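Visitor: This is what each chain is made of:
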Amino acid sequence: MIRGTVVGQVWATRKARGLDGQTLLMIAARDADGNPSGRLVVAADVLDARVGDEVTVAFGSGARNVLRPGAENRDLLCDAAVAAIVEGEG
Amino acid sequence: MFLGRVTGTVWSTVKWPQAKGLKLLLVRPYRLGDVAPGQVRAGAEASEPTDDLVVCADTLDAGPGDDVLVAFGHAARVAVSEKLAPGAKPDVPIDAAVVAVVDRVEIDREAGR
Numbered sequence: 001m002i003r004g005t006v007v008g009q010v011w012a013t014r015k016a017r018g019l020d021g022q023t024l025l026m027i028a029a030r031d032a033d034g035n036p037s038g039r040l041v042v043a044a045d046v047l048d049a050r051v052g053d054e055v056t057v058a059f060g061s062g063a064r065n066v067l068r069p070g071a072e073n074r075d076l077l078c079d080a081a082v083a084a085i086v087e088g089e090g
Numbered sequence: 001m002f003l004g005r006v007t008g009t010v011w012s013t014v015k016w017p018q019a020k021g022l023k024l025l026l027v028r029p030y031r032l033g034d035v036a037p038g039q040v041r042a043g044a045e046a047s048e049p050t051d052d053l054v055v056c057a058d059t060l061d062a063g064p065g066d067d068v069l070v071a072f073g074h075a076a077r078v079a080v081s082e083k084l085a086p087g088a089k090p091d092v093p094i095d096a097a098v099v100a101v102v103d104r105v106e107i108d109r110e111a112g113r
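These protein sequences, in sequence, are chains A and B. So in this note's numbering, spot 12 of the first sequence is number 12, and the numbers just go up one at a time. So in this note's numbering, spot 98 of the second sequence is number 98, and the numbers just go up one at a time.
Since the hints were made in silico from the structure, they are not lab data. Worth double-checking, as some hints may not be accurate.
A few chain B residues that face chain A, going by a derived Cβ cut-off under 10 Å, partial list only [stated by the list, open to error]: (1) Trp11; (2) Val14; (3) Leu53; (4) Thr59; (5) Leu60; (6) Asp61.
This structure is a prediction, so every number in the text was calculated from the model and none was measured. We put the beta carbon where it would ideally sit given N, CA and C, even for glycine.
In isolation and in its complexed conformation, chain B is listed as follows:
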């Protein structure tokens, strides 16, 4: 998983039928230098995330400005199937999904040096 900020959305009409109804978000991952030590929520006081954009399925009605956790691979499909229908098979053509809207991050950047 990674921590990122939602920066926008993507629309498409031509797509796999299994992906119908799924909202797609653009999420920018935070790098070590982007996250202010001890910050409560990455908001105005935080740096902008600088890593490459990732397109993610949204399962939590997240929107631009939200800080989120994104899961990859099978974990992303498990999260999406939770939303589609109870007990739905995780066979959607998705490999990244927002799985949490972050309330709080505690970080000691010095520990990573």
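Same shape as in the complex, but just chain A:
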């Protein structure tokens, strides 16, 4: 997973069927020091994260488990998903 900040949203009408209904957020990844690394990630959101929120993003099958937990989720078109809205860190 990575940690990042929600910076925006993306809309598309011409898209793969598997993306229908997904909210897609732009996340600015943070580096080891907590600063923006410059890398932008687009992730599905089911937690209603907002611009400015600190989040964690899961990739791969971890991301599919956010959208639909369980073994029967390999039909999902999802490679990145907001997994948590971060409230603090130590």
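Model the placement of chain B on the given structure of chain A, informed by the hints.
Guide: Only chain B this time, still in chain A's reference frame:
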């Protein structure tokens, strides 16, 4: 996934048979500093993307100049199998695919600082 701009295409004749008929695109990912805040579509007014090129299978007839979303891994194969045949198994040797042609991006670059 990432947001990028299609910059070109790649041809090949020697490849895995499962990949036959798939168009391959060169896509350049946008970095945080490349995307103008509030831009409607990354066009003439936007900076050029600066990240390393990624080769992606095309499922949507995207072309040079289009801003697209690219998915990696299994999600890319799911998108490609949608195009190959209804219910086709996602067993193509592909790990990146264009899954959307972007209409609009809203970004607050300051939120990422």
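Visitor: Would you mind marking each hint as holding or not holding in the structure?
Guide: Do the hints match the structure? See the list:
1. Here the hint on B:Trp11 is broken, as its CB sits about 23 Å from the closest CB of chain A, past 10 Å.
2. Residue-level restraint check for B:Val14 is violated (minimum Cβ-Cβ distance to chain A is 28 Å; threshold 10 Å).
3. The criterion of a C-beta within 10 Å of any C-beta in chain A is not met by B:Leu53, whose closest approach is roughly 15 Å, and the hint is violated.
4. For B:Thr59, the interface hint holds, since its Cβ comes within 10 Å of a Cβ in chain A; the closest pair sits about 6 Å apart.
5. The beta carbon of B:Leu60 comes within 6 Å of a beta carbon in chain A, closer than 10 Å, and the hint placing it at the interface holds.
6. Taking 10 Å as the C-beta contact cut-off toward chain A, the hint placing B:Asp61 at the interface holds, the least distance being around 9 Å.
Hints 1, 2 and 3, counting from the list given before, are not met by this structure.
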